[in-house]
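Same order as they appear, the protein sequences are chains A and B.
Everything in the first sequence is counted per numbering that gives the first Met the number 0, starting at 0 for the first residue and increasing by one.
Everything in the second sequence is counted per numbering that gives the first Met the number 0, starting at 0 for the first residue and increasing by one.
Just so you know, the hints here were simulated from the structure itself, not pulled from any lab data.
C-beta: ideal position from N, C-alpha, C; glycine also.
One or more hints might be untrue.
[Said to hold, decoys possible] Dumping the calculated DSBU-like pairs for lysine-lysine here, alpha-carbon to alpha-carbon at most 35 Å:
| no. | chain 1 | residue 1 | chain 2 | residue 2 |
| --- | --- | --- | --- | --- |
| 1 | B | Lys7 | B | Lys36 |
| 2 | B | Lys7 | A | Lys104 |
| 3 | A | Lys104 | A | Lys202 |
| 4 | B | Lys7 | A | Lys202 |
| 5 | A | Lys187 | A | Lys202 |
[To be verified] If the Cβ cut is set under 8 Å, some of the chain A residues that face chain B in the computed set are:
| no. | residue |
| --- | --- |
| 6 | Thr75 |
| 7 | Asn77 |
| 8 | Pro82 |
| 9 | Leu108 |
| 10 | Ala109 |
| 11 | Tyr111 |
| 12 | Gly154 |
| 13 | Arg156 |
| 14 | Cys231 |
| 15 | Pro232 |
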Amino acid sequence: MTYPPGNPYGGQPGPGGNPYGQPQPGYGQPPPGYGQPPPGYGQPPPGYGQPPPGHGQPQPGYGGPPQPAAGPTGTTLNPQTLPDDDNVNPYVFCVSLSGDWFMSKGAMLAYYGNVRFEAVTEYSSVQGWVAARFSSPVYVQDWVVATGHGKVLIGDRGFDLNAYDLDDGNLTIKANNLCAFSPQLELKQSIVPGFVTLIGTGKFIASSNGPVIFVEPPFRADPEALLGWADCPSPSVHHDAQWMTQNIRAMVSGALGRASGEERQYDFTGTGTILLQSSEVAREDPAVLRLVESQTQLLTPSQAGSLGQRLVARAQQQH
Amino acid sequence: MAQLTAHKRVLHADLQGDRIRAASGSMVAVEGNVDFKSAGMGGGGGMRAALKRAVAGESISLMDCTGHGRVYLALDAMDVLVVDLAGDTLTVESEHILAHTEQLRLDVQFAGLRGVTSGQGLATTTVTGHGQVALVSEGPVMALEVAPGQDLVVDPDAYVGSRGQLSMNLVSGVSWKSLVGEGSGEPFSLRFTGHGLVLVQSSER
Chain A
0 MTYPPGNPYG GQPGPGGNPY GQPQPGYGQP PPGYGQPPPG YGQPPPGYGQ
50 PPPGHGQPQP GYGGPPQPAA GPTGTTLNPQ TLPDDDNVNP YVFCVSLSGD
100 WFMSKGAMLA YYGNVRFEAV TEYSSVQGWV AARFSSPVYV QDWVVATGHG
150 KVLIGDRGFD LNAYDLDDGN LTIKANNLCA FSPQLELKQS IVPGFVTLIG
200 TGKFIASSNG PVIFVEPPFR ADPEALLGWA DCPSPSVHHD AQWMTQNIRA
250 MVSGALGRAS GEERQYDFTG TGTILLQSSE VAREDPAVLR LVESQTQLLT
300 PSQAGSLGQR LVARAQQQH
Chain B
0 MAQLTAHKRV LHADLQGDRI RAASGSMVAV EGNVDFKSAG MGGGGGMRAA
50 LKRAVAGESI SLMDCTGHGR VYLALDAMDV LVVDLAGDTL TVESEHILAH
100 TEQLRLDVQF AGLRGVTSGQ GLATTTVTGH GQVALVSEGP VMALEVAPGQ
150 DLVVDPDAYV GSRGQLSMNL VSGVSWKSLV GEGSGEPFSL RFTGHGLVLV
200 QSSER
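If we strip away everything but chain A, and leave its shape as in the complex, we get (with noise of 0.2 Å):
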């Protein structure tokens, strides 16, 4: 494991300053470095509602008697106060939308304004660049467009959450992290299966759950805690030497092989970043079973009927 030099969590991902940005930490305090427990791991989220001058205040006028503030925090926010662009707190983000902007489904928490949902699906039959933007058909219907004028509200499982600006780069990010982004931006489907590049100029907003590090190539990452990449090519799969050895013989003759989940990792060469989360926990991701499931197109169909025979084998070992 090697960091690159001083390179502390939101500092700059290398020395050269790259285009997609660093998260945006936004809510005005200096993160913390990699030592630490993610924020809100015993430690309340440093900054959170750090009041904007003039909105300090509990602010009155409605009716019945002078309601106090809701919370410690002291202050209360409405769509003058919210951030544009923004992060509210580090796991909630304010995007001020004029015009389009994707989201994931379930994203959003809430919002101000006057502001519709199209499912992508629909509303690239309306409007043709849509579908140009949105090229993945796997993960189409996860997506919707949101359109019109207002403050929207998106959180992810109570993750952390950044925005990255895109400057004519590539970044490619886990499917189940990247929460919205701009229609500048181009989404495809990674080689990688459970992973999307972004293209183009724009921003993004993706979770994490705790700080994202960044690592230079050459580096290997564990599957579940690879948040993303950018600028380098895609991962190759590294299987640990030990393990090779102790099942050549039962590769040869045709089992899967059994996985404890640390002998498979993602061997990254070449230049860029590589972003990682401090947790391995996943969720369950709906795209990937279409992904293979398409993928078995390739089978032929003597070939698809014994995938199947050992797919129902292994769902009856593990009830």
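Using the hints, position chain B against chain A.
Here is chain B on its own, set in the frame of chain A:
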């Protein structure tokens, strides 16, 4: 008088010979001389509220903590927020109540259809009186202001509670259905109008 203080993800309840009610099983540590007694299915509000609660499915199981000392309360490492009430009413989902001081009254308010769809019970709980109530949430709570011409739409799963003169409407539209997806549970959103504050947590499920 008992004092509730949010301390990171733990609530400190300082008792001076009086009583608070806390969610059953939320005690993690105690200093001093404090007695714990299950308050049963009551949750305050007497028989009438208990009956309404049973009908509505708004379940809440509280315990009485009485004595002198400090009780440490926590629930699933969720964020804790203390709300001070001065005679006004806080509407809150019962699952978000961690503790409240003795002088507050809990009651059940029927919320119409909303509960059926969100799986959070047919009704919400109202907390009225002078005192403190401690809420738990997934991620910090945001207090979003609602004013005329400034309606707020909230995902039912992110909704924690509200206070002020608010009316809550169910919104079911093609737009919303496409946002949450067919069959993913939440075909309705909540639209708040009027004057008040809506408390929203940062996790949607």
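Evaluation of the provided hints:
1. B:Lys7 / B:Lys36: holds (26 Å)
2. B:Lys7 / A:Lys104: holds (31 Å)
3. A:Lys104 / A:Lys202: holds (18 Å)
4. B:Lys7 / A:Lys202: holds (32 Å)
5. A:Lys187 / A:Lys202: Holds, at about 15 Å.
6. Thr75: Holds, because the Cβ-Cβ distance from Thr75 of chain A to chain B comes to roughly 4 Å (cut-off 8 Å).
7. Asn77: holds (4 Å)
8. Pro82: Where the cut-off is 8 Å and the nearest Cβ of chain B is about 12 Å from Pro82 of chain A, the hint is violated.
9. Leu108: holds (4 Å)
10. Ala109: With a closest approach of 4 Å, the Ala109 of chain A hint holds.
11. Tyr111: Constraint on Tyr111 of chain A satisfied, holds at 6 Å.
12. Gly154: Since the shortest Cβ distance to chain B is 4 Å, the answer is holds.
13. Arg156: holds (5 Å)
14. Cys231: Violated, about 32 Å.
15. Pro232: This hint is violated: Pro232 of chain A lies away from chain B, its Cβ roughly 34 Å from the closest one there, beyond 8 Å.
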